[in-house]
Structure formats: structure tokens, C-alpha cells
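**Student:** Sequence:
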Amino acid sequence: MLLAMAAVRVLCLLCGVNCRGPNGKVQHSRNVFRSSAKEDAPATRLKTLLGVTIEKGSGFSETICYKCDSKLSKVRQWQKDAEANTASLDKWRRLLSAPKTPLKQTPQKDNRNKEKKRGLIFTPGKSPAHKQTRMSVESRENIAPRRSSNVTNLQVLLQYPSDKHPRVIELRGDAKTIVQQVVENSWSAAANSALRLKNMGGAIQHKVAQRIKQEVGAMAGNSILGKTSTDDLVNFKLDTFAEELEAKTPWLNACLKGACGNTDSKPAKIAKCTAAAVCAKAVHPTLSAWQYRNSIVLLHGGAKKKTFKRLNKQNICMSHSSSIQKQSEFGKNRDRDIIKWKKALEAHLGSVSLLKELNTITAEQEAEDEKTRLDLSGNTTISSADLQACNFSFKVFAQESTEQHMEGDICQSLGVAPLAQQPPEGDHTAGNPGKKTEAFASSFKVFAQDSTEQHMEGDICQSLGVAPLAQQPPEGDHTAGNPGKKTEAFASSFKVFAQDSTEQHMEGDICQSLGVAPLAQQPPEGDHTAGNPGKKTELTTYLQGMPGYTDEVKTLAVQAISQVSSNHTATKDIIDAAISSILTTPLQTFQLIFDNLDFQVTAKHQSKTNKNKSIHWVHQYAAKDRVLNDFDSDKQQKPLRDLGVSDILPTEEVQNQLRRDYIILVSRVMVTYLSAFEALKGVVVKHIPHPYTEEMSKASIQTWLGLQFKNENLGRDMVEILRYFQTHYVPSELDDEGRIQRLLLTILLGGDWLSEERAENVQSAFMDGDNAQERLDGLLPKFELWHFTRNLAEILHAIFYKESSAGDKGSLCSNMNVVGATSAKKGPHTAYNHNKEFVTKDIDALIVYACMKAFNLESIDARPADFPPAYILQASRHKQRDWLESKAAEIVDSMFVEDAASVQDITKGKLTLALLIRNIEDATKEGDGERISRCFRMALLYFKAYGHTKYAYGTLMFFARVNALLPPKLAHSLVWNRVVSNRGGKGKNIPMDLRLEHMNNFLKSFLKHLGPNLNERSAARVANAVGEMEKLLKGADADLGVSSDSGHHHKGDPSPEVHILVEQYLEVEALHYIPGREYNSFPGFPRDLLAKIDPAKLADWVKSKKQKWSATFENA
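Residues -19 to -1, 1 to 1097 (mature numbering (1 follows the signal peptide of the UniProt record, and there is no 0)) are what the sequence shown spells out, left to right.
Check before you lean on any hint, since a few could be wrong.
[To be verified] Each pair of labels, with its calculated beta carbon distance range:
id, residue 1, residue 2, range
1, L70, P845, 56 to 62 Å
2, S1024, P1076, 32 to 38 Å
3, K783, K286, 18 to 24 Å
4, A190, I150, 15 to 21 Å
5, A249, K985, 56 to 62 Å
6, K286, K589, 40 to 46 Å
7, D615, L1071, 57 to 63 Å
8, S246, H187, 45 to 51 Å
9, A184, G282, 42 to 48 Å
10, K679, D613, 25 to 31 Å
11, K194, L70, 42 to 48 Å
12, E1095, K985, 40 to 46 Å
13, K783, E1095, 17 to 23 Å
14, V264, K589, 40 to 46 Å
To be clear, the hints were calculated from the coordinates, so they are not data collected in a lab.
The C-beta atom is built at its ideal place from N, Cα and C for all residues, glycine as well.
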């Protein structure tokens, strides 16, 4: 009885339709007794209309569907309108039944009778003011008297230049009608009257046609239709063309708009623009952008030449040959973007080298200037190295007299007094410049007496570029504060050079070769002008003249110097600050991704010479990194011997973080399917945040690089593939002949694990190369996420799917049979999407069942009283989320309770592994590299336990690189830049290798239509243009309202299948602890899926790999 009453309550009160949806929830209906803010309750409106009172508990249904509720509102409104209309009808009836009074053409201005009026003759002008008498209203207004006829007369005054008086022409018929409407500004009526005239209509049509021809001709010069370059075609927008039509061809636009129903709807706009483009090309063949776009659509669809001919005759597309030619143009700039990225990196890194070289040159120059200054001031002596540089040598003599003589010679040559002639120690005359000058003059008196010795001194000092000591300014002559005086002192000290033009010329040549000014022309000591833009100008001028660097490199270096703060005063400080600013600017790096393009070509007529072909080429693309960093890029983080277990395996902290991730994933399922939690749907975490959420929400910049006609399964071809990547796309320094001299950066090279393994094997084979380019060190191979996740899915399928378990209710095979997911049985390797879709439903059902068991919910639609509690429903969003996640935590924690029951262990193990896979997929969508790395730690154990040795090896190598081998910059990029986004937005990322799989299918859609014409040349033409053609087709889809692929498979409503699977788990009581119960096909199923791992063997394996990699990468 209660079930019957419950069934009645979900039926519509008026039409009897069952309001329970396919998911078991009551939907698209409202309560009869519940009113809203806009209108009364349905029961109240029914009482007003029908006079029938409906009460609660009367046995009637308390539900009314939205459709009947809408009808009820409309009927009530109709009743109100009918009451108002009845009053209006009565009023109109009274008015129409009254006697009719003929209307006069012109209302009377006075009450005079018609018989008493005297005939007044109309005069066109007024009488003089002194003759004015009492006149009628008509006379005062200077209008002709009204006639008794109701016909309107129209007279026109026509006066030619030769006429003395105007001619009065009375118009009749259609001419009178048109002129009258024009005078009255009734333009629409006048246009209608003109079109009704036979001769006028024809003339108007002819003039409109001429006007449209003129408009199209004027538009042809700079129309968007005439822009047919590859970039213009890709950026072509229908809305822009529609705006051009309205602005430049209003008559054509009006005609076509009228033909399309005179509406602004999307279909009408498309039809209007199509017709305009077809018509414009008929007269102006160069206006063909629309036709070129249609041609690419036809090529993608595999249209035959005959189809192109037919549509080309209708001006709908271009000819087949023109279409192929345009396709070739699309591919000419295949790698234009990546070359720009590469050159930008080379300029960035090259500018640092340039500034470092400039720093070395300026430091040497400043040291030389400082030495020269000290020599001039007499506060230093000349070193033996300086003397040897001047080809000067001396011998040491043992005899005293000879030594004294040599001392005099040496001192003479050095320009200093012998020690015996120097002033006694303590004679401090520095404070008195005059006395010190006298002392210097006395000590150098011997040189004044010997002109030969003085000449020798001049020669040595001249070769060193300094003045003789006797001509130097006295110590203590501090004239730095006065540049003028200091300049005079410098001029005086170099007086000897003024006497010898040859020596002065030599000094200029040396300074010129160094790129500095002669010493006499340099600013005085202490003149710190670095804060002055003039100092920066000198540096930038010198930079631009340095050989061996490109203009881009010099531009960046100059820009860095110009942006240095004026707080830096010394030349070295300016250059160091410029270098620092460049190094702290993150490099805009990119990655390369490649994979096999496998294609089977079946010969139409097979023979020994014409056989089926199995094609294996390499398809490749590049994507800019969205997460950038300014970390160190030179040294590895730490030795491999310091790589510990905490860097590889899931620690307690990592497991707690994974638990947190699982709680959020479970809470999403709870609010989606369980009515008890539906009220908290708005507080669930839809996107788990991470440090780079904003960057990962932007669309990726990608460029497609065509095909390499190599087979990566062959070792020699793999070598050529890597060399091609390194030569063309890795930033490097080149010599004058274009050969690589030095690699500047390492680029990540992504693919599946087999691709990474083959690339690493090639690099190992070339490990004995003489330099980095021979060792192919410019590339760092890595595996991508889609193939990684698919391997985990294969492990789940291998563990829990057995054909023999079809009779074990609740098992994976049994559940597939129940919902008819037969394609999923093939497994992830063969039918990945089908298998993934089913596992998603199965795990959702398992979570729902676990919630029903944990929270005592009788059904999916159950809404227990005070659940959630009232205080939670009224609390803040933060508290509501905490409560929801606390309930989800109960489900997650129950998965790790150890019970000795096979069925329960299978169910928990399946949920545990499935949540790990779902966490990887969700982290991939969000671009959360740190969360992906956490999942890798657990995945490593599953790979090792279930025989996926290559992916176990690759995952361990990942942690070795990220935590030890790689420098911080590259390690950070390896963690975070693993996904791409085609359109941007949160949760819109896909793995890089999945994106390549999609483009492989897109490329194959072109190639398969080539038939026997498929060869390397035709395939290269299509592959080179595939990126631009994809952009063009996406633009066309957006213009035409065609939904485009997003990268994710869209599925229907999974609720019915989830409900069925929940019933299966309820029947078998999958999570109830029943000792000794087990599935027939899974006898002795282990409680722990990772029980297969031997910790000692795992440790030995890790240790052996570390030793091998240390010998390979650290001791090479």
C-alpha cells in the first residue's frame, strides 16, 4: 500500500505522467501546494479556475509537471485577458452601432454656415498692411478656399530658367500619389508606389543593379575575400565578412538579407555571406577566400576531382589543382614558429656570453688604466712582467761596484732614484705638496745632467705609454674635484708624446684596437658617470661593434644595459646587473613530441611488384612550455649516491596527500548520484588547485612539424631522427659555415616508453663522442602520460578480469555482461576508450554502494531526516565542505582496513587501484605536475609487482633525473610541463602524446583519400600543412556552428548503468565481511595487491640501477 501511494505521488496531478527520471530522481516537476515568489501555488490557481479545493492527504498526487504548470498559468492569464476583452468588446459594439457622421477633409476653424460664406478669390500674396480689412480665416491664412469635393488636389509650380512666370501643373494619378507621399515624408509609402509603377519599377531595378555592381567593384580592392594568404585564410571570420558587407555593400547586403527572410539569425547570416561570396567571385575571381576555405573542407572529406569540378563551376570552391597548390602553401612555413622560438633562446643565452666577454674586456681595460694612473702618480713600480712585455731584460751582478752601477742604470731606466739618493724614511712630505715636489726634484737631479740617460728613460716610458717621472705631477695634487685642472695635469704628464707624432699615433692605434680612448682623452679619476646615460651609451656602442654575435643577441644585451638602475656607478656593476637581469628572466622553452605514424596501404591490384604497404613514419610537433622558471641550469642537484628511498617511494607524507586527493574524488561521486548529498553539490572541489593553476588554464601554443620518413623501430633511422631534431631545433652556437659549435640548451623529447627507450639506447651508443653534439646531448627523452596511464589500466584489467568469472556476480566480467559493455572486454590495449568508460561507471557504482552501506541509505534517492544536519545546511560553504569531505574520508579509509574475505578484498583492491588511475587522469586535466609525480611513486610499485619492467625502469629513471641528475631548471620543467590545452580553461588539459594521437588520426583522414597517389611527396605536402588546416577547419566550424573535438570523449548519461551496477553490488554485498567467502574464479585472492613485491629485491634493483646510471651519467 505504501509503495502504491509513493508511486501515485510522483505522477502529475493533471496529465498523469510519471515524473521520476531515468536516474530514479523526481525531476521536471513541482509541488502542488508550494508557491513561488512570482505566482501562487498550483492548488490555489486551480481553485480560482475550477472552484475545486485540493487539500493535502486527500489522495490526489501532490506533484504537477512543468508542462501542466505552464499551461495552468497560461489558462489563468487567458481568463484575466478574457474579462478585460469582454469590456472592450462591449465598448466597441456601442461605438459601431451609433449613426455615422461623414468626416470632413479639413476641420472647420469657425462656426459659420456654408450658405452665408461669400466667395473669396484666392490670391497668392498678402495685401499691403494699410489695406488690410476684416478677412475670413481662409484669406488670412492665404490658402485657396475649400471645395465641396472630398478629392485631394495637388499642384506643382514648375519654372524653367527661361520662364518669366512659374507654370502650375496639377498632378493626378500615381504621380500625384508619389509626390504627395514625398512631401509628407512617407518614404516607405513613396517607395511602394514607385515600385508599383511598371516603368518606374524597371528603372529602379536597373539602377539598383548598377549600384550593387559599383559597390562590389569598390569593395574588391581591399575586401577580406581577396586576402588569400595562409595566415589570412586561417584567421578568416564570417562575422568580419558580414560586417564588411553591411559597411561597404549596403544595397547588396539588403537584397541578400531580404532573400534570407530579412532576419539576423545565424543560418540567415551564413546563407547571406555564402551568396555574397559566390556572386563576388563571379565578377572578381581574386575574391576567393571563401572558396579556398571550402576547398580545404573538401580535401579533408576526401572529395574526388570530379566533385571539385562540379562545385568549382558553381563558384563554391576552387579547382582541384588550385586547392592542392594552396595546401602546399600552407606547409611552406611548417617550422617557422619553432625556428623563432629557437632563435629567441639563442639570443637570450648568447646575450649573456656577449656581456661576459664585454665584462672581461672592460675589466682588463680598467686594470690597465689603473696601472697607468699609478705609474703616473709615482705610487708604484713597474713589474718584471711589464718589462719583459717591452723586451727588456737585466742580469744580476755579484760585485758591489757593478751592482751599484747596474742599480743606477736600472733605476734610471725605471725613472726612479737609486735607494741611496732617496729621502730618509719618515720624511713625510705628502701633506705639503710643495716640499714633496722639491724632494722629488732633488732625487731626480741626476737625470737632468745626462741627456742620454734621460732619452733612454723617455724611450722606456714611451713604450709603456707613461710619462717620465720628472714630468709627472707632484704627489698629492688632487684635482679630481676640478676636471679642468686634472685635464691640465694629464696634458702636462704626456708632454713628451706631443713632441713625437709617430709615438702619439702608435698610442692611438693601440687604444683603437682595444676599443678604448687614448689615456689623454679619458675622463679624470673619480669621474663616475655610470648613473649618466652617457656611460651606458658608450657600452652599448662598443657592444654593437663586437664581432661574432648576431643582431638579436646584441639587441638583447643593449636592452639589458639600458634597463640597469642608475644606482650602479661602475662599469663592472652595470654589466653584472645586466647579466643578472637576463639570467633571472625565465627562458621561454619548448618541447618536442614524436611518435610513429603507422599506416596500412592496400593495393587495389596486387602483384609481385604491387604489394600491400605497411608504412611507419614519424609524426612530430612542438609545444611551448607554460610553466617557466629561473632556476640554475648548469649543475645537477646532487649525486646519485645521495638519492634516497624518500625520493622514490611513497612516504607517509605522500600517502597522506594521496588520501586527500582520493577524498575529493569520492566526494564528487557522492554529490552526483546520491540525493542525500545533493544539497552540497555546490561546495565540492571541482578543480584541485596547485601552484600553476593559472598557467595551466591557458591555451597551449603548438606548431606541427610534419613527417620524417624514418622508422623508429630501426636503429639507423632512430639515429637520423635524433640528429634531425638536434640539428634543426636545439638552440646552439654556429660557426660561419652553419656547423654547430656548442649546444646552449637541452630540449625535452617526449613520446611513449618505447620511443624513450630507443632514443636513450642511441645516446648510450654515442656516449663516446668528442663533444655534446656528437653525443646527442641536446635532447632529453621522456615518456608521456597517456601511454603511462593506459599501462596502469592494463594492470587493473589483468588483475580483475577473467572470462571464467562471468558467473561471479559483482566481478568485473559479470558487470560488463550486465550493462552490455562487450567492447570493454577487449581490454585497454585494444579498446581503451570503451574499457575506460566502463571502469568509470563501475567505480562510481562501487563508491555509491560503499556510501549507502556506510550511511545506512536505503536507496540512491533516499533523503534521511536530518542528513545532512540542519546546522550544516545553514553553515558556511567552508564548513559544509569540511562535513562532506569527512564523510568521503570514511569511505576512503574503509578501503584500507584488512579483512580476510576474498570478495571484499577484490572489491577494495579494485577501488584502490582505480582511484590511483582516476587521480592521475584528474591531475592530467588540471596540469598538476606535483600530483602526477606523487601518483608515479605508487605506480612504480604496481609496475614492478606486475611485470611491467620497462615502465618500472622508466619511472625510476624519472625520479633519478628529477631529484638528482638534472639541474633544477630542467627537472622543474620535466615535472610540470607534461600536458597541453587546445582551448584553455581549468581542467581542459590532455597528455601530450594523446594530442599527437588525435593529430595522427586527423592526418590519416587526409592520407587515406590519396589512394594510389600516396607517396612521400604527397604525404609531406599534407603533413606539412596539417597544423594550419586544423586551425582553418576549427575556424570554419566556429563560424558555421559545428561542434569541434575537444580532446575528451563525450558520453551519454551514465546514471542508468550506474544504478544497475549498484544493484549488483547490493545483491552480492560486496563490502560485507563474510569469513571464508571468495569468488570461484579468484581463489585465494591476496588482501594486498602489492604483496608480490619483495622489499629486499626491490632495494637491490634500485641500487643496481643507481650504480649503472652513476657510471653512465656522472663518471662518463
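**Student:** With reference to the structure, classify each hint as holding or not holding.
**Tutor:** Hint by hint, here is what the structure shows:
Between L70 and P845 the beta carbon distance is about 58 Å. The supplied range of 56 to 62 Å therefore holds. For the pair S1024 and P1076, the beta carbons lie near 52 Å from each other, so the given range of 32 to 38 Å is not met. The hint said 18 to 24 Å for the Cβ distance between K783 and K286, and at roughly 54 Å that hint is violated. Distance hint check: the CB atoms of A190 and I150 are about 32 Å apart, inconsistent with the given range 15 to 21 Å.
Between A249 and K985 the CB atoms are about 37 Å apart, so this pair departs from the stated range of 56 to 62 Å. Checking the proposed 40 to 46 Å range against K286 and K589 shows it is violated: the Cβ atoms sit about 30 Å from each other. At about 39 Å, the CB distance of D615 to L1071 disagrees with the hint of 57 to 63 Å. Separated by about 31 Å at the C-beta atoms, S246 and H187 break the suggested range of 45 to 51 Å.
Range check, A184 to G282: Cβ separation about 46 Å, and the 42 to 48 Å hint holds. As the Cβ distance of K679 to D613 is approximately 26 Å, the hint placing it in 25 to 31 Å holds. Between K194 and L70 the beta carbon distance is about 55 Å. The supplied range of 42 to 48 Å is therefore violated. For the pair E1095 and K985, the beta carbons lie near 44 Å from each other, so the given range of 40 to 46 Å is met.
Under the hint 17 to 23 Å, the C-beta atoms of K783 and E1095, about 46 Å apart, miss the expected range. Under the hint 40 to 46 Å, the C-beta atoms of V264 and K589, about 56 Å apart, miss the expected range.
Checked against the numbered hints given earlier, this structure breaks hints 2, 3, 4, 5, 6, 7, 8, 11, 13, 14; the rest are met.
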